[in-house]
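Chains as they are written, first to last, in this note's numbering: chain A, 1 to 672; chain B, 1001 to 1424.
Source of the hints: derived by calculation from the structure; they are not laboratory data.
Please note that a few of the clues may not be correct.
Beta-carbon label-pair distances, calculated as ranges [to be verified]: (1) 1370/B x 386/A: 32 to 38 Å; (2) 576/A x 1301/B: 53 to 59 Å; (3) 1319/B x 505/A: 44 to 50 Å; (4) 1160/B x 417/A: 54 to 60 Å; (5) 1396/B x 81/A: 28 to 34 Å; (6) 1215/B x 652/A: 29 to 35 Å; (7) 596/A x 1074/B: 34 to 40 Å; (8) 510/A x 1407/B: 56 to 62 Å; (9) 408/A x 1407/B: 31 to 37 Å; (10) 1301/B x 596/A: 47 to 53 Å; (11) 1160/B x 302/A: 24 to 30 Å; (12) 1074/B x 386/A: 50 to 56 Å.
A virtual CB, placed ideally from N, CA and C, is assigned to each residue, including glycine.
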Amino acid sequence: MTPAEKQFSLNRAASRKQFPISLPVNATGGSRFFARTLLLGICAFGSPGAGWSAEPLFERDVLPVLTKNCLGCHGGLRQKGGLDMRTIPAMLKGGESGPALSAGKPDASEIWKMIASDEMPKEHEKLSAADKRTVRDWITAGMPTVAERQRKPDPLLPAGTRHVPAQVAAAIDQHLDRALAGANLKPAALSGDAEFLRRIYLDLAGRVPTAAEAAAFLDDTAPAKRPELIDKLLATADFGAQFGRTWREWISPPELPSDANGGKQPHNETRALGEWLGKRFASGDSWDRIVRDIITVEGELKGSPHAIFFGLAGEGGKITADGSARAVASLFMGVQLQCAQCHDDPFRSWAQKEHWGLAAFFGGTSGDFNKVTETQAKNGARIKIAKAAFLNAGSEVPAAFLGGGAFDPGKEAALRPALADWLVAKDNPFFAKAFANRTWFYFFARGIVNPVDDMRELNPPSHPGLLALLGNEFTASGFDVKHLIRCICNSRAYQRTSRPPAGMDSVALDALARSFGRMPLRVMPAESLYGSLCQVYGDPKLDLRTLAPKDGNSDGESAAVGDPYLEFKRRFFTNEEDATDFTHGIPQALAMLNHPRLLARSKALETFLKSTPAPSPQQTVEWLYLSTLSRRPAAEESADALAFLGKSGDAAKAHAGLLWTLVNRSEYIFTP
Amino acid sequence: MNDHPDLRLSRREFMRLSAAGVLTGASVPWFESLASAAVKRPRGKSCILLWMDGGPSQQHTFDPKPGGEFKSVPTAVPGIHIVEQLPKLARCMKDMSIIRSMSTEINDHYDAKYYLHTGYKRAPAFEHPAVGCIASSQISIPEGDLPGFVTIDAGNDKGNGGRFYRSVPAYLGPQHAPLAVQSPDRGLENLRNDSADLDARLALLARGEARFAEERPLPAVAAKQAAYERAVRLMRSSRARAFDLDEEPDWLRDAYGRHRFGQSCLLARRMIEAGVSFVEVFHRGWDDHEGAARRIHARAPWMDAGMSMLIRDLKMRGMLDDTLVVWMGEFGRSPGDGGGHFCKAWSTVWAGGGINTGIVVGKTTESGKNAGAAVEERPVSAPDYIATLCTVLGVDPRQEVMAPGNRPMPLADKKATIIKELIA
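In isolation and in its complexed conformation, chain B is listed as follows (with noise of 0.2 Å):
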């Protein structure tokens, strides 16, 4: 923000501040009227997180052991079984890839969480950017109409899970704090502003800021209204009906499901759409205790829908190539049960983005008392996870940032290694 070329805005933008209320487009479908002001993405790549807090239980969902809880019954690949009870999942197969053999060390939520969201433990010496803010920072779209990272609330089965983390931009800086979504029907967060006056208001402000652009032309001033301008924009801005679920025909919010969470990932398409780069999608409430199979499979028929449903709408519309789509928890559960959290041997998958998708990474154990206790083969950190991430979304993970007490540090752990089986 601070780079801004000019260090004064000129007349004609501070009149944009207040320009009046017609929207161009305002009578043709949102989408349409996108097609004229190209979307340019640096570098063409978004993604959706489904990010299922409490830490779900990997045999109840995408690593089934024989004689376990759950059926495991194949899936569009053939040597890929995944439990019977997400059958829409098992049919998109060919465009998902599953890791089955995250190993992160950190059994406590709040640590675990902070850990996969940011691939750093925990430091007293400042905060470490979450993967969201780092994708704001690096692959959003400068200068866009709409924020580069967004958070969505799908919801929340009983069951605590820990604190909640929340992403921090950290050493980015604050521009790149997401933006939240308390529920698909709501919303982005002060979005709307209902003053009749509006215009009035912002045409007052508007020539008081021009006086002071004058007598003080410093960076500072003009990154404060450049951020301004953007957040009037967005307000006027036909891209903003992307938070609004009711342009959506009925038939396709039928299909992502009723629930919180099929809609919320209806509306995570469409702010890809509209520009948004990072999506975080949580639902909380998978941190089983008592036992992963009842509440898995009551959890089940919605979360086969919505993310089945993303998934195929998003190759529909030709985007599933430039989104990547991740679904994951902190850590996953004790083998058997589910009761425990573990993560030691855990789930996560991997959709669209361009990846190497239909496949497998790594084993878990397969037979014997214990079957899943353990990574048999290929075991993926979470710096490794971050760090294949980025690369995904065409951001270096080894580029690096100032961190408080001018201190270097790479967007991910040096130490980490690309999935090179997921990278095409």
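Chain A with its partners taken away, still in its complex shape (with noise of 0.2 Å):
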């Protein structure tokens, strides 16, 4: 029994308004992501073999439809006249009316009849004509859904097996193409060289290459450079780096958690999260191993850095069970708990008692995010929903695992080690999907599902087959993390050209970003861009603060602007839910154009032309182009920049000005 056929006790809540979902003109990035997500009819949902299909699929077509307009009421908060919509089976059980739908019999299904009379919904804009449409095409052609056109996704090459990655990569490339043809949708041409290079450095590096490095790369003619700058970045400590800062953001709240009175946050330590996370990456330590670590730590910070993890999915700094489980949920296991905590998810499937069933195994876990404490649990492997809950406040779950399976504690009760063990274990349905698919989001800055923690069978992947591909790669590979980026890197999707191919409209080039068809053009996460500024700067510890703590308060806003790096981040943060929102304004263009740190010299240069005999302005042009746009300029760039070096008198101050000018680019804050 599948976690969405399951039926669970619901409570009848008490009655509530409406959930409404307005969306208002002024929202940003995030709001749009979801009106996309729910609104645009065009998905582009393929699966091998059937092809990208017109019908109207429920989960695809009718369960946005009946999510926005229905199941506030007809949910998992309340069932007016019994009826819960947000599956088949429930409809198909009906409520107080009995059985709401009729399989090719939209005349006969009381769903229908509800909408067609405008009868429902009730206190509620009415269906337009196309979600009435849609409804009444579904029910009439049977109620397909996706899953059963998705039934038993092939994922093209055989499970159990470490593949080399170049067949893997092959793979990928069968599932997509596929896809694309499917929907008649041509694929953009791949990147050119420079293009990659960039790319690659900032995906798997966190920073734009150098002058000598993009040269370097650029010039070689092997015809296998690409394959082998992956490796070879792959073996550097900037990759343990990157991906370490990266698992630290997705661990860390945007608030770090500080006494009532404001007191230290644990920026640091934090630090020391990715920092210890970015060399069990280097050093090529299987995921599992590393998962397994964090749920099993004990012990004070200062020798387990990932101790804080606890710390972190916590409340006001201290360490909650449900916390924690909602953590581990959504970084290890690809699940949205957080609604479950209080009462049944409205629209998923995930009932309260499987939330605190899976916060048991933390009944005993508590501290703060200095030190993590493990006792012996008084009720054995039982927690009480927390007082905060609606609903069920007070009364005990049993431990359970996540979809299902039971839990006996048995005599030793071990509570964590047990869940790692489940969790990590080979079969566990979880564990390798949600990393695959959170790293194919980190490439293409979109998940096979989205989002990238709500997984689910009511929310499919939109290419289910190479999930299974990628999932069990992961797997056979012993959760082998650089093997599934190596794999990835190498397809010809993740190589394609983010230049949107011409004459396409808008809608158009959504659909084939959503195809995987074309890169996406992302904006560049604070710290890379803060890293690729150090670096042509020639300054490790840039310093684009305007307020400083020796400018007369020593308290106040100024102290609060500690941290060159800490406020660059703050300053310069994107939209992390969707990486091709750029959302900077006003006060992130002053200070890329005004701060004087950025009009001033850069030291690497200085080092460049010093070390360089006679540099001409052309090879001095050539140097900064590298530097930041990771490519050469073009013949009337050169020219323009020659022109420019040319008029000032001051050397120093021209290239300190054409540097100035080539940082402010948007060329330069996008990964292309």
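With the hints as a guide, bring the two chains together.
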């Protein structure tokens, strides 16, 4: 029985106002992401064999309509008239008026009759004609589902064996190309060398290449230079650091905990967590070992930087069982549980009982962000639902693995190790896919399942065979992180250009990106931007603060601006959920244009000039372009730059001016 | 920003990036050249928040008690009394309203500041946007020259007051982060660029931008170029002279008071005139644990001068009805000597913005040993305060924006109720 088909004991909640979802015009990134997912009719769901079909499918076409208009009153929070509309079995069962759906017969289906006559939805905007048509056509077609169409996704490579990266890359491309062909979409061309160079350095090393690194790659004539560069970067410490930072950002909440009076926040300790992760990634430790160490950590922060994980997941800096469960579920299982903390999730099938069943594994874990202690829980493996929950506060729930497996604690009841054992087992349905999906999301700005931590039956993957392939490969390789990355980066899909093909309108471009037919243009994360600027200015502690502690106030605003790196991150943060969304505005632009540090000279340039015998202006221009845009200047760019240098009497100032121009270009701030 | 209708900027717009430096109206007082470029404000209102960081004592300012440390004196509104140390504000009482029944459950500095800036309690899931950022995202002039939200540092008395809270736009996006004025004489951060060859640099930049936009006609690129265009416009805008206090006559600067707070209030007025929607003037050091009397007695003259002159100046210029002024801290202080934090019953002051003025909202206990220890009538919570502020500015507090995790968040907590007594 799949979780979706399970019937949970749903409490009838007290009547509450309907859950309104309005999308204001002024809202930014996140809401547009939601709007696209929810309201845009064209979704590039493809599956090998079935192709992309125009028939209405439940999860893709009908469920979004129901979610927006019906589930507020007929979902996990409450079921008016006894009707739950979250799943087909629930609708077939019906409520007080009997079965609500009749396959193939819309005019005999209660739901259709209610919608058609506008009797439903009550106290809500009525369904549009298009939405009504979708529901009716779907019932007429016999209520087909994506899940049926994807029943046995073919990964194209046999599970259980590790394959050569080239083979996996080819299979990835096969999956995507089939879906593109089915949807009549032509993929974008392959990227040029410069584009690939910049992208792979930013993705694998968290910075742009130096001028020397760039020139070396661009001038290399070896036919296998791209796979070789991928291998080379995966072997560096920079790779570990970049992935450590990335996971650290995914793990940390946006506001780090501190004591109530706003005492010290554990910025350094959180950075140390990132560095600890980075070392593990760099040395090729398998993901199951890393996650097991995180889940079972005990003791002081001093010896174990990863002990901060639970404090970060808790509340007010204190470790909580349910916070820990939610973090583990979201990060390592790709499952969102937060709605189910207080009541059954209104839109997903997670029941409150399942959320707390997972939390029970952390029932004996306590502490804060400095230390983790495990004590034998008094009730063995049972936990009390928190007072803050809307429903069932105080009742006890036994530990249970998510998805149904019961847990028998036995005499020893070592809870967290048992959870770790279950989680990283080769047959665990969540572990490998969650990591593969998140890693795909990292490179493509979009997961195969979206959102990246919302993997469930009613939110199917856009390419189920592809997800199965990556999950299988990751598992068969012993959860080898570098191997998975190698497979993805060697695919043609990852190496396509991000230049939109000519003559496509924005809807088609969107569909192409969502079918992974072209690479997205991504905004550089703040840390990569900082690292790249430090590199080109030759200043590892580049300081772009405008308020500095020495300026008068030793307290107050200036003191709050303590760390150049943190301050930079705070100012230049990007949309974590959608890397293609550019959200900077005047504050960021003014800082890049006018901060004295960026107007000043670059030590790295000075080193280059000193170490080159009689450097010509052309050489200098080339060095500047390579260090910033990772390519050589085009002919007219050279001409412009040389003219600019020629006008100025002061060479050093002119160089600084040219450098300033380059870091302020749009091309600089994007990962192509 | 991503909703930019054209995916490419025209050649003409690129040239604007490098427009030669002659400012139109350079020889004309800056507010006159404004008249020709009418400042179109979508909903017409703006806000100046006077933030007294640390928790100002209500019984030593706007809610004095009989037998208290400070004497209470009548104001221009019969029946309303404030402390005698604020005579100029007493004369402005007809244009002000006092809420005496603020009651907000948090006594810890940082958490309380967060609560009173966002209307939400700190949660691990995500950060909430501060009210200034909300204003920037909802009522600031779209594509306007000036940023929507500016903060001004009005100085620091000794006294900790907990970790400083910095307004965060959170899920509204980084473009709504405030721009900071470090001190009134320093002007807006990162506004000036003194490179001699700035025009040549901008021209060079513009040419590179054109090529890239042609190759990648995508919304993100258009958004980036639009942000830069706005920034350069601001740098060259005559409105940027709003940040220059030298243009104000000496007598007016004296009337505001030559203390940093008074000059900050004056600067705030200029910025509102120039098109900023929300200005937060903050002064730190009100956390008077040794007792509020002596310290507030010392602060009262400049606070009295600055705040009253701000109200009168706005009124003289016909701006008061469209500019909401709010004076407050993160909580009040203990009844009596004002030594400890006190969130159960404290005061804020509102003026302008078209609200009902000359009234007192709510009451604290008047007599007895612990006068002022509790709210007697009409408690006002932090969400109520935020929702009311939004409403006065013309923003619907129930409007929802997407927070991380596809979670719709209303601008103010759903449970909030508007302070109807203030709304005309």
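* Supplied distance hint 44 to 50 Å, evaluated on CB atoms of residue 1319/B and residue 505/A -> Holds: the Cβ-Cβ distance is about 46 Å, inside 44 to 50 Å.
* Verdict for residue 408/A, residue 1407/B (Cβ pair) under range 31 to 37 Å -> holds (36 Å)
* Asked: Could one say that the CB atoms of residue 1396/B and residue 81/A fall in the range 28 to 34 Å?
  -> holds (32 Å)
* Can the suggested window of 32 to 38 Å be confirmed for the beta-carbon pair residue 1370/B and residue 386/A? -> Holds, at about 35 Å.
* Hint check for residue 1074/B and residue 596/A - Cβ pair distance inside 34 to 40 Å -> Cβ of residue 596/A to Cβ of residue 1074/B: about 54 Å, so the range 34 to 40 Å is violated.
* Indicate whether the distance between the beta carbons of residue 1215/B and residue 652/A respects the range 29 to 35 Å. => holds (32 Å)
* Mind checking the hinted window 54 to 60 Å against the Cβ distance between residue 1160/B and residue 417/A? => violated (45 Å)
* Given the range 50 to 56 Å, decide if the beta-carbon distance of residue 1074/B to residue 386/A lies inside it. => Holds, at about 52 Å.
* Should the hint that residue 1160/B and residue 302/A are 24 to 30 Å apart at their CB atoms be regarded as holding? -> Given about 29 Å between the Cβ atoms, the range holds.
* **Distance restraint hint 56 to 62 Å, applied to the beta-carbon atoms of residue 510/A and residue 1407/B** => Violated: the Cβ-Cβ distance is about 23 Å, outside 56 to 62 Å.
* **Satisfaction of the hinted span 47 to 53 Å by the C-beta atoms belonging to residue 1301/B and residue 596/A** => violated (37 Å)
* To do: State, for the Cβ atoms of residue 576/A and residue 1301/B, whether the hinted interval 53 to 59 Å holds or is violated.
  => violated (48 Å)
Checked against the numbered hints above, the structure breaks hints 2, 4, 7, 8, 10 and satisfies the rest.
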